[in-house]
Each structure stands twice: as C-alpha cells, then as structure tokens.
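Go ahead and model the full structure; you've got the sequences and the hints to work with.
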Amino acid sequence: MTIEIALVDAAGLHLARAQGEDEAVLVARHAYREGDAILLACSNVPCHVEVALDAGMAPARLFLTASPVLFRIPGADRRKAYSPQAFAGDLQRLSCRLLSPQEVAGRRNLALNPYDDHGITAVFPHAVANVETRGEAVFAARNAIDGEKAASDHGYWPFTSWGINRDPQASLTIEFGRRVRIDEAVFYLRADFPHDAWWEAASLTWSNGQRDQVSLKKTGSAQRFALPPREVDWVRLHSLIKADDPSPFPALTQLELWGCEV
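Numbering (this note's numbering), first residue to last: 817 to 1078.
Everything labelled a hint here was simulated from the structure, so no lab data went into it. The structure presented is a predicted model; accordingly, all values stated were derived computationally and were not measured. No residue lacks a Cβ here, since even glycine has one placed at the ideal position from N, Cα and C.
30 Å max Cα-Cα, derived DSS-like pairs, lysine-lysine:
id	residue 1	residue 2
1	1034	1058
2	896	1034
3	965	896
4	1034	965
5	1033	896
6	1058	896
For each label pair, taking beta carbons as the anchor points, the in silico distance ranges come out as:
id	residue 1	residue 2	range
7	904	1031	34 to 44 Å
8	849	937	22 to 32 Å
9	893	1011	16 to 26 Å
10	1010	1078	40 to 50 Å
11	906	1010	38 to 48 Å
12	1034	983	13 to 23 Å
13	841	1034	43 to 53 Å
14	826	1078	37 to 47 Å
15	919	1039	21 to 31 Å
16	900	1057	31 to 41 Å
17	866	1002	13 to 23 Å
18	924	860	15 to 25 Å
19	1049	1029	20 to 30 Å
In structure tokens form, the structure reads like this:
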C-alpha cells in the first residue's frame, strides 16, 4: 500500500510531502500557520494504520475508511486542548505505517484517538456529542477519547474533558467505523472537587440493541466494567444521573472501550 503524508496551507498548496510503501515519514522545516493542515492518503482503504502526526503527541492506531484525509492544525482557539509541545516549533516529524495483521488482531482500547476532531469523519474511532460546554475545545467530545486521564483540574491540557453544559439529556457516541468486539468499558470521571460533581449512574446503548447501566463513584480513578462480549459498530453514553451535590458540573475525562477486531 502506498502511503503519502503532506503539509498543505490554507489554499491547498503542498508545502512538503513524503511517500512510501506501507510506511511514510515526513520531516519538514516549517512553522505552522493558521489554516495549515496535514493530508494523509492511503492507496488501499479501508485500512488499519499507526499515525504519529506530531512529535508532541503519542502515536495512535486508527482505522481509515476514505482517502485522502485532512487533519487541520489546531488554531489559537483550539490549542488549549493540546500539549504546549504539539504543533510547535519549526521542525516537524510525521509518520504513518500500515499495521500488520498480528498488530490489528490484538486486544486494545478501541476508543483511543488523540487525533480525533469534529470535521474528521473517515478516521476511527470518532466521538460525537449532542452538547459540549460553551463550544470550547477543552470540553469537546474528542477529549473523552484523547488518552489524557489527568482529572484533578479542568479547562486546559492535560485536564481536557467532555463537558455537558449542565444538560441532563447529554449523550456521547463513539463510532468505530466497522464491527468490533467489546468486552470492557472503563470510565474516568473528572474529579476537580469541589468544583465538580459526578454521576452516580450512566447507560451505554450499543448498535446491536443491548443496553447496560453502570453505577459510578466519586473518583477520578479508573472505574472498570467487564461486559459480555458484543459485536457492535458504535456505542452511545447517555442517561447520566448526577449525584446529589451542590456542584452543577459533572464531566467525563476519558472513556475506554476494550476489545478486538471481529
């Protein structure tokens, strides 16, 4: 499979590019400007790849259903949701490689994608919510799957979270882009107490019609729930029951969904 990585500006002009068979590495002397983006193209889709689109962010194993895909460099209003080292400086290193069948088959957190964003709909996993607090990047749906688990503060990286804007009807959907087998859910609630409240219970409805309700505690530590394995292509978190607490601000730091490919 041919893989191409390119840096493009707001007008679509290619600033730098690299291409390779099953793997591509791009090194570019370039300071990102408003409107810049990363273009990733794979000759055979769908495909499983590992991407590392910035030296300041962890690599991620993703599933692509279309090509090319455009990852927009976060502008000033979105930078607070990323490490200060991400997308900074004037020397960039980006890479993408095709995963082996053995790597694809292993059990892992199938909800992990630090490169997720609202406009990226062909890269999975992908998070979608019906509400986000004030539309701010530090409270966006993507933060629930970005891999950041620090929960004792809020409003800036690494304390990113999904904020529900006090809406009791809030829901978060994780899309996998294909059928996967899930056997465990792990919740990390935001725990900036006493600023924060927490949820006593939440429901997970799966694409196959199954529904699970989980009981949650006042903690920012991992809360693990073993599940009978189910084959699904999405799951929706909803029916969030807030604890009897003066704070109106429960939030989700991270949701992990463990399993394997079907």
